[in-house]
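Given chain A's structure and the hints, the job is docking chain B onto it.
Here is how the chains run, residue by residue.
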Amino acid sequence: MKSYFATAARALATTFHNVFRKPVTVEFPTVIRPRAERYRSSFALLHEEDGDEACIGCLQCERICPSQVISIKAGGKRESPISRKKRGYADDFVLDLNACIYCELCVQVCPTDAIVMTREPELPAYGREDLVLTMAKLYANEKSKQRAWGDATRLNGMQVPPKPPAAAKAPAATPAASPSGAAASAPAAPAGPSPAAASGATKPNSPAPAPAAPAGPSPAAASGATKPSSPAPAAASAAPGPSAPAPAAGGAQPAPTSTPPASTVSGSTAPVAATTGPAGTTASSGTPSSGTAGASAAGPSSPAPAGGGASATPTSEPASPAPAAGAGSSTGKTGEGAS
Amino acid sequence: MSDELVRGAFYSVLIVTVVLTATAMALWFERKFAARLQTRLGPTMVGPSGLLQPVADLLKLLQKEDIVPERADRKIFNLVPLLAALAALGAAAVVPFSPSVVASDLDVGVLYVLAVGAVTVIPVFGAGWASNNKLALLGGMRAVAQSISYEVPLLLSAMVPVILSGSLRLGTIVQTQADHHWFIVWPFFIGVPAFGIFLLAMLAEANRIPFDIPEAESELVAGVTTEYTGMKFAIFLMAEYIHTIVASAVGAALFLGGWDGPFRPGLHWMVLKTFLLFASVYWIRWSLLRFRADQLMRLCWRYLVPAGVILVAAAAVWVVLP
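Chains A and B supply the protein sequences, listed in that same order. Take 3 as the starting number for the first sequence in my numbering and just add one per residue. Take 116 as the starting number for the second sequence in my numbering and just add one per residue.
For reference, chain A alone in the conformation it holds in the complex (with noise of 0.2 angstroms):
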């Protein structure tokens, strides 16, 4: 009883000394608490710089989303009336907030920024149909809100461990000695005489293999194979995925066919252009199938020059230990050059 009224006296003067402190309710629909950097609500559908449709229907946000709630009809290869360059396009696009979890998975995953979550903080709707936005909802979206923080390009791009200072820059013979602490995991690779075949076959399987591979007399083969693994997270998911390690093992014969989005994103120059990061990881994934042919598997499609486009680089490239997004894209742009 004694600790009771102990206990009761400083329940009393909690609330007593409780009265004379400012209330902490905010008032909510008359005042609007600052949301957060990054808050994101609703979702846009882009434009590219030209005017074009920037989603080319590659449904891989649909692959992603956990909770299915969107739905692509994809309209397949087409003249841009824009650029006058064939290019994936999405005819009908459809996204459920009913049942979203705000994820934001799809954001990730696109390969040309083209889905983008919005900062527009209401929602609520007067009916269920209210909520299912529409291809034309999307797009109007697209002007009449405030972009959340991230798109793919950003999102992945944090996904990148930071670069060490030294040795960027370095020539071939440095990077076997300076690579990072992952080099660990391809120790061998470096003096082999054909890296090629050795990197592309951990490639699957190893997280962050092969650092030291540059070092080969094939640089073009080893790059290919450092990249499309080392970014990992991103660019393994928004490549054409399964199909990348595919080839590497298989040969020749498989590039052209099982990487369609990646010679549709590398014919079409707008959105690599303005979308580097993902356009330039997934063009990349593209070389390692001709890297690891060798030069005859280049010849029929894009991924030729690509992969050229690879063999000049790598000399600068490799020493880069985590050749992230931007060195993808840089790879990338020179293979667009290169071509």
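Treat each hint with caution, since some may be false.
Label-pair restraints from in silico Cβ distances [to be verified]: (1) B:Ala408 x A:Gln148: 57 to 67 angstroms; (2) A:Ala10 x B:Asn247: 36 to 46 angstroms; (3) A:Phe22 x B:Met160: 20 to 30 angstroms; (4) A:Arg130 x B:Met160: 24 to 34 angstroms.
In silico contact screen, one side only, chain A against chain B (beta carbon under 8 angstroms); selected entries [to be verified]: (5) Ser5; (6) Phe7; (7) Ala10; (8) Ala13; (9) Leu14; (10) Asn20; (11) Arg23; (12) Pro25; (13) Val26; (14) Asp98; (15) Asn100; (16) Ile103.
Because the hints were derived from the structure by calculation, they are not lab data. From a predicted model like this one, the values you see are computed outputs, not experimental measurements. Even glycine gets a Cβ: it sits at the ideal position worked out from N, Cα and C.
Frame of chain A, contents of chain B only:
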């Protein structure tokens, strides 16, 4: 004779009106005050500072379906809310708001207040019984046990001012304090503990936290009011508020000197003191946790009743001493 009748009727109507208005204000005040105790804002949307919230609440309750359980005792079920409100309101008749503003300053005012206050037990138990609901019945039985138990310390503590002033008339009790000292000031060693016991017993009588065992939400849903909806529930709620207001007024008259105070008319002081007591009831309500039933009984019979007896004896000795 007829003059007195007219006067009584006039003040009755006046006091009923005032008390009912005060009840509506109390609803608003409790919500606002409880919010501030928890650093919230409380109602803000209905009228300025949410002042019209009681009206909105009432309108809401009026719209609700009036349900009587199928196997309930309809007559009693429908009657008891009114009885509860009447019993609570009846006690207000003898409260002296000022030397002149009192409906009926009975010779046995203190006795009357306690008796009418105790009558509330009957409608409460009736509600529990008539609802034909185990939770309501349990609540009703708890209410009876609690109210009857706390009747004793309440009576004992109320006896202290009666002995000190030598009268059962509330007007005389207040006048004695106005002539000498408030009983809480002198003799404070009797007045303060007696006031404390009165406050605790009053809380228990009004079924207020920390003594709201009869309607313990977490155990009994809503106790005796479980089956009540709409307007009948509102009347029960109102009865509880009236009970608290009247008990605060009686407490102010018995211990805090009633209408006595400097500078302002007596009515102002009485209202202020009643309000402060009322506010402290809600302060306690929103700060403390509920007692267990056995703790409640132990507090009553092992601490409050012996202390009350000692205080009554002490008051008697104090009066006899020169």
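We went through each hint and held it up to the structure:
1. B:Ala408 x A:Gln148: 57 to 67 angstroms: holds, 58 angstroms
2. A:Ala10 x B:Asn247: 36 to 46 angstroms: holds, 37 angstroms
3. A:Phe22 x B:Met160: 20 to 30 angstroms: holds, 24 angstroms
4. A:Arg130 x B:Met160: 24 to 34 angstroms: holds, 28 angstroms
5. Ser5: With a closest approach of 12 angstroms, the A:Ser5 hint is violated.
6. Phe7: violated, 10 angstroms
7. Ala10: holds, 5 angstroms
8. Ala13: holds, 4 angstroms
9. Leu14: holds, 5 angstroms
10. Asn20: Nearest chain B Cβ about 5 angstroms off; hint holds.
11. Arg23: Because about 5 angstroms separates A:Arg23 from the closest Cβ in chain B, which is inside the 8 angstroms limit, the hint holds.
12. Pro25: Interface hint status for A:Pro25: holds (5 angstroms vs cutoff 8 angstroms).
13. Val26: Check passed: Cβ of A:Val26 comes within 5 angstroms of chain B, closer than 8 angstroms.
14. Asp98: violated, 34 angstroms
15. Asn100: Since the shortest Cβ distance to chain B is 29 angstroms, the answer is violated.
16. Ile103: Since chain B brings no Cβ nearer than about 31 angstroms to A:Ile103, farther than 8 angstroms, the hint is violated.
When held up to the earlier numbered hints, the structure conflicts with 5, 6, 14, 15, 16 and fits the remainder.
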